[in-house]
Every structure is written in C-alpha cells, then in structure tokens.
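Peer 1: Each chain is listed here by its residues.
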Amino acid sequence: MVAAIKEFCLGLHSLATGLAVTLEQFFRRPVTVHYPWEVLELPARYRGHIVLVRDEQTGRLRCIACKMCERICPSDCIVVEGAKLPGESRKSVTEFKLDFTKCSLCGLCVEVCPVDALAFSKRYNLASTRKADYESMDLCELAKAGDAK
Amino acid sequence: MSPGHPTDSSVSAAAPRETFVLNVGPQHPATHGVLRLKLTMDGEYVLHAEPVIGYAHRMHEKMGENRTYVQFLPNPSRIDYLSAMHYMHAYVCVVERALGIEVPPRAEYIRVITSELNRIASHLVWFGAFLLDLGAFTPLLYAFDDREKILDLLEAVTGSRLTYCYYRFGGLCNDVDEQFIEGTRAFVKHMRGRLGMYHKLVTENLILRKRLEGIGVISAELCRKYGATGPVLRGSGVPCDVRKLEPYSVYPEFEFDVPHFAEGDCMARYKVRMEEIAQSLRIIEQAIAKLPPGPVMAEKVPRVIKPPPGDYYFAVEAARGRFAIRLVSDGTEVPYRLKLRTPSFSNLALFGEAARGLLMQDALALLGSLDLVIPDVDR
Amino acid sequence: MILPEPYRLIAYLVGALAFVGLNAAYLVWLERKVAARFQRRPGPTEVGPAGLLQPIADGLKLLGKQFVVWPHADRVLFRLAPAFVLAPALMCLAVIPFGHALCARDFNLGLLLVFAFGSVNVLAILLGGWASRNKYSVIAAARVVSQNVAYEIPMLLVVTTLLLTAGTMNLRELVQQQAGGVWNWNLVKVWVNPLMPVLFLIFYVCMLAETNRAPFDMAEAESELVAGAFTEYAGMGFGLFFMAEYANIVVGASVATVLFLGGWHSPVGVMPGTFWFLVKLYALVFSVMWVRWTFPRTQFYRLLNLSWKLLIPAGLGALLFTALILKLR
Ligand code: SF4
Ligand code: SF4
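The listed protein sequences derive, respectively, from chains U, X and L.
Anchor point for the first sequence: position 138 equals 138 in this note's numbering, and the numbering is continuous, going up by one each time.
In short: position in the second sequence from 1, add 1000, done, that's this note's numbering.
In short: position in the third sequence from 1, add 2000, done, that's this note's numbering.
Just chain U, same shape as in the assembly:
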C-alpha cells in the first residue's frame, strides 16, 4: 500500500517534470531555418552533380577524354567523347553527357579523374517537369553557360 502510494506520487511528479520540460522549450526560440527565405551555406565538400572544370591558365576544359570516369561509374551515367585537335598531342573533350536521373552522387568519377577535370557543383534545387532535362545533361554546354554568367 505504502509502495503503491509512493509510486503514484513519483508518477505524478514525473508527469509534472515532463510538462516543465516542454514548457521550458516553449519559451525558447524556434530552431527551424525558414528555408526559402533563409538559406544555409553549403559545406565546401557538398556533393552536387558533377561539372567540368576549366584550366586556370589556358581557360580550356581540363578533360582529356580518357574515359576513366565513364568506366568507373557504377550507374553507367557518363558518356564522354573526345577528339585530337589539330596540332595537339592530347585529346580534348567534345561531348560529355551525364544522365543525372541515374547518378547516385557517389563521387567515384571525381576521384578517379587523372587530371582533376571534374568537380561537384552546389546545385541542389533541381527540378523539371520533363525527364529529358536531366536524362542527358550536356556538361560542356553547362560549362559554357557557367562562364557566361
């Protein structure tokens, strides 16, 4: 009997403590980041979809179309074509297509590239009503558009 009453009182006390905890939180500031109006900064290593990188000095795309990335990609979502420009020993990229609908953002392609020609973008709010928009993203075009901006 005594034990039961004691447990009952302890129980009531625990309920009151719970109420006190939530009330304390009630008067604190919300922690939500109000997304479309406030935007958090992305960390430097954020893995968005891949983009082609330009060489600082020459201003040309670094990619030498060696197809290493195409081979390592687990999802088969890269297609690279390259050609030797007249008078040059190395190849240059002519076409770089990414199927972003399949990409798992694993980053293996960026890691494997021997000349560091790939990087992650920080674009995350990608949306479209047409699948085709992301099924075959032309990264060469994207690099040009990026320069124009």
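A portion of the hints provided could be inaccurate.
The list that follows gives simulated cross-link-like pairs (lysine to aspartate or glutamate, EDC-like), each with its CA atoms no further than 16 Å apart [what the hints assert, rightly or not]: (1) LYS1210/X to GLU7/U; (2) LYS1149/X to GLU41/U; (3) LYS122/U to GLU1155/X; (4) LYS1149/X to GLU1182/X; (5) LYS2135/L to GLU1044/X; (6) LYS144/U to GLU95/U.
Among chain U residues calculated to face chain L with C-beta under 10 Å, some are [to be verified]: (7) VAL21; (8) THR22; (9) PHE26; (10) HIS34.
Simulated from the structure, these hints should not be mistaken for lab results.
Cβ atoms here follow ideal geometry from the backbone N, Cα and C, with glycine treated the same way.
Using the hints, position chains X and L with the ligands against chain U.
Peer 2: The following block gives chains X and L with the ligands in isolation, referenced to the frame of chain U:
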C-alpha cells in the same frame, strides 16, 4: 501487468473463437516503411503475426556480383541508410582483409569517430520514431534537432548527409579538419545535456514506463533461435557486442561498457539504446583526445582491386546489431559472391513469435522497439 | 438586456454557429502554433500574417474535396455520423453562461443538459466507425464506447459531489456563488470541501478522456489505427469530426470554468465579464494542448483501469466524504 491471453496452441481444444485478419501495412504509420504485417486477431489480441517482407528489395547482393569492388562502394550505405558508416566500414574492411592492407591509425580513429556519430544519429531517429509509435510527437522533433547537428558535422566532412560513401579501401577519401574536431567536441557536450532532458521528459515518464515495462518480453533463448543481435539481444540480458567480442578497427583502445538489461521487455531495449548513446559519446571523446596525426590513406593500395581467391568474412556492430559481409573472391575484378548478413532481418524474424498473445497496441510497441529499417530487412 | 424569445433563439443559433466555427478553425491554428512552439518550430507562417489565414485555406480545401462513401459502407449512417457529432456540442453551448447576461438559455437543469448531450458525441463516433466497415474504424469505435462509458461515471461522481455543496444545477447560479475574488472559486474553496483540488484534477482527467484528447486519444490513435474511427472519411466529413473535437474541448473547458474557476468573475476584481470567462476557457484549452504535446498515449486497458480502479473509487470516496462533512456541519 499486461493481461495475458491464451494463444493459439493452448486453446485448440476449446470452442473456435471468431477471429479476423488485420492487414497492417505496407502503408501504415506504425511500420515506418514498406513492411506488411498480417495479424490474426481475436478482438484486440494478436493470435498470430506474420511479417510480409520484400517490398523494398533492391538485390544488393546480386549487384555486388555484377560490378567491380570500387563500384560497389556506394551500395553499403544504401542498405541501411541510417547506419551507413557501419556498413561502409564492414565492406571496406572485408576487402582490406582480403588484400592484406594496413590502414593508417589516423584513418581508423576517424572511422571510429564517424561511426559512433552515425550510431548516435541512428539511435536518435529510432528514439523519435519509437515515441511517435507510442503517440508522443514532441520528442521526435527534439531528437531530429540533435541529429541535424550530427548530419551537419558529417556533411562537412563527407559531402553528403545520409549516404556518406566516405571510407575507401585503405583509408578515407579525405581528412577531417580542425572545425570538425571542434564541432564534435561541442556536440559531445551538448548531447550529454540533451540526454538528461530526454530522461526527464521521456524515460521517467509514468505513462511511458507503464507502456513499456513488462511489455513484449523477448527471452535470450528466442534471440538465439532467430539470430537476433544488437540492442535487441542486449535488451535480453546478453552482453554481446561485436566491438568487444571480435574487436575490429581501433575499438580495443577505448574504454566503454556494453549496456545490457536482463528484463527483455521494451523498456530494456529502450534503455540499452539510450545508454549506448552515452557510451558512444564516451568513445568519441576518447578518440578525439587520442587522434594521431598522419596520413589517412594507406600507401600500398593497388589501382585495380583484385583480391586473391578465397573466402573472407568481416562483421561490425551496426546500430541495429551485427552486420557482416562474406566475400568469396575468385581472383577477378568482380566479387564471386557477396553475402550480406543484415541485423534487421533477424530482428524482425522473431516478431511473429514474440507478438503472439499481445494486445495490438503492445505488439506495435514491440515492433517499434525492434528498431527496424525496412530496406535493411529487404536489402 | 434580455432579448425576447424568438430573437434570442436566432441570436443563439447565429452566435453558437459562429463561435463553434471560429473556434474550430482557430483552435486548429492555435494548436498548430502551440505544438510548433513546444517543438521549437515556427508553425504555419505562409498563408497570411503568422499563418492566420491557414484555417480558411484548409477549410476551403476540405470543402472542395469529394465526400467519398465507399461501396461497402452503410450509406445512411456513414453520412449521418458527422452531423450527429457536431449537434450536441452546439446544444451544450446553449446553457453555458459566458457572461452575466450572455447565456442563450438560463436553464435550471443546465448541467444535466450538458451531460446528456455530451454523451451523444460517443454515439456519433460509434456510428461513424461502425458505418465505415473498416476494421480499424470498428476497433476504434469499440474503444471509444468503453472509454466514454468508463469516464462518464467518475465525471458525474465529481459533479455530484460539487453539487452537494452548491445545491443547484443552474450554471448561472453556480457562477454567482463563486463571486468575490479568487478565494471564492470552487477550486480553492477548501474550507467548504477540502477535496476541491482533487475533484478538479479528476474532472480534468475525465474531460481529456471524454473529448478523446491525448494521452487518451483512442478514437484516433494515428500510429496504431491509422485514423481510427475517421479512417474512411474524406473532405468535410472528416472536417466535421475535427470541428466537433475542438467544439467538445471548448464545451469541456467551459464547464470546467463554470464549475471550478468562477466563470466570468475576475480574479483581480477588474473587468468582470465575458473577457475573463474566455481567458480562463482558453487557458484550459492551452493546458489541454500542452498535455497532448508532452505525453505519449496510454494503453487502452490502462486507461480503463485508471477509471475503474482509481478515479471511480476516488470519486465515490469523495462523494461519501463530502456527504459526511455536510451532515456533520
Ligand atoms: S557521381 Fe557516381 S554515379 Fe554520379 S556520375 Fe559520378 S561516378 Fe557516376
Ligand atoms: S576521367 Fe577526367 S579526364 Fe578522363 S574522361 Fe573523365 S573527366 Fe575527362
């Protein structure tokens, strides 16, 4: 005391009762994912429970047989997305064992830190979701607030928030910076305070205690029968933890306890996980204090991964229990067989037997206390 | 100012409908805001300033939806239930004195009427659950009936105990007895009956259970029974159940205010009247929300145990005790 109820076997001679089948899921708020339960009910009592799985089957094992070792790297973190680091850990370690690669100590320490952070994050999700099952919504939001802090830390290091893909054969894909170390230290302090709050708000709560104590008792024998591991087994009083029993990585260098409670009820499993958060914080603190300088990538990693023919095995303690990979290599670039032993599958298996005779409400509490990730069951 | 009869009726109907409608709409808003604050979120913010137009947008959305009656449901009862659920709450409001003169019907058996109509709510949920022909709904309906039967008893016991000392069932007179400062409220009148705070606590718990609020929300129990008795309802059918839930909370909190918290009387002596009634009413409503966003749900059998093994004996004891002091005084 939960009122007992005669189950199937004990009343076979009695007059047949009117029963009905209640289909819970695959879209049901309590199953957290695409799990389906066929419950044979007598009123509110569960006479028979049959989990139906396979709705999220993605053939990870078969995928392993079709791609090179490197190409499989993104997969482990997608089997159990809440426990991504542990799964990566098992996969890179089994390949390292096959290749005989020595991993530099700094990399191993960082692996431990990130793994334990991941364990806390996983337990926090479980904490929130479990209380949601029990009808308390607020703790979920508090837990996610804390988890967000972990995800921010891990995102800054790995570049992603859930499917990290951070470990590599022989080390890590990149080193951590001072900011991460500071952030983790601050987090450990913060989390200790929050744990106190959780205990005040939830653990000691009368209603919660009454809902969990003595409910859904699982005996150690039942765990053994179905191969249940992790917090489920430890909640049945067996101090079984891969980190202690088959030490891997640098875990032997840290002091931590394996929390276990003999009751075997939902409360025991609850307490095991809450205590594990505290233990993980302890490990992180020690690992940060001891973090050695040096490279994070082994030097002698072959460009093309071709493990010698053989049979390799590696187990880790994931957030939900023992996760193990058995790798059979035929000496080519592609694994011959990659068998995944996922903890959720075994933990779910005992549900049918443990739920028998419970009220539906208690059966769902039991289901929640098993901490299932359905893609991990189906893999 | 006392209005003559037909005008009074019209004024009541308009007033009560507007009050219930506004309350349902804005209590949802309040609940979302309060829940958000408890959980460190901002709550609705986008529709209108501080999300104030959100309930209107939600209402329009619900109105715009089809009221689906699935082929296996009992068509008549299925449609009838939502109407049944709101009507009793409206009836109850007729006798509640919001202010000295603000009472649709000054009725001698006011309290009896409130409890009589208050019980119809259960019937409506039972009908809704039964007519849905959904296993979850039927389970929820069965739960709600046994729950409400169990909690009606201690509630009535508490009220009877209170009436022993008050001696009237007229809600207006009940309030008038509590005039003259905080210490005259029934809640703190311990020299009349030392058990008053306990009575209030029992009444409060029963109110939570009767209105199916957390931690006793067996009718909905969203993580177990999907949406309980309302699983099959769509559009405004669901909306009406939702409105009724809030209307019932308002009625419950009003009765508590009248019985224990001195109705429209001001605790500090200034501005007596409807204002204070509403302050007390919404303070109670807030506490109901506070409880909901703090505690997990109880088990069903514990809920019944609480009533049959604790509240009813306690209520009976209080009744006997009070009768004894009254006799000995
Ligand atoms: S990130 Fe991974 S999946 Fe995406 S393109 Fe690169 S290698 Fe392929
Ligand atoms: S690996 Fe690098 S250089 Fe080779 S094709 Fe891909 S992007 Fe170009």
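Peer 1: Compare the structure with each hint and give your call.
Peer 2: Do the hints match the structure? See the list:
Only pairs whose Cα atoms come within 16 Å are accepted, and LYS1210/X paired with GLU7/U is accepted, the gap being roughly 12 Å. Simply put, LYS1149/X and GLU41/U have alpha-carbon atoms about 14 Å apart, close enough for the 16 Å limit, and the pair holds. Our distance criterion of 16 Å between C-alpha atoms is met by LYS122/U and GLU1155/X, whose separation comes to about 13 Å. Of the supplied pair hints, the one linking LYS1149/X and GLU1182/X holds, its CA atoms being roughly 13 Å apart against a limit of 16 Å.
Taking the CA atoms of LYS2135/L and GLU1044/X, the gap is near 11 Å; set against the 16 Å cutoff, the hint holds. Between the alpha carbons of LYS144/U and GLU95/U the distance comes to roughly 13 Å, so the proposed pair stays at or under 16 Å and holds. Hint status for VAL21/U relative to chain L: holds, with the closest Cβ pair at about 8 Å, below 10 Å. With a cut of 10 Å, the hint placing THR22/U at the interface with chain L holds, because the nearest CB-to-CB distance is about 4 Å.
Satisfaction of the interface hint for PHE26/U is found here, the shortest Cβ-Cβ separation to chain L being roughly 5 Å, below the 10 Å cut-off. Residue-level restraint check for HIS34/U holds (minimum Cβ-Cβ distance to chain L is 7 Å; threshold 10 Å).
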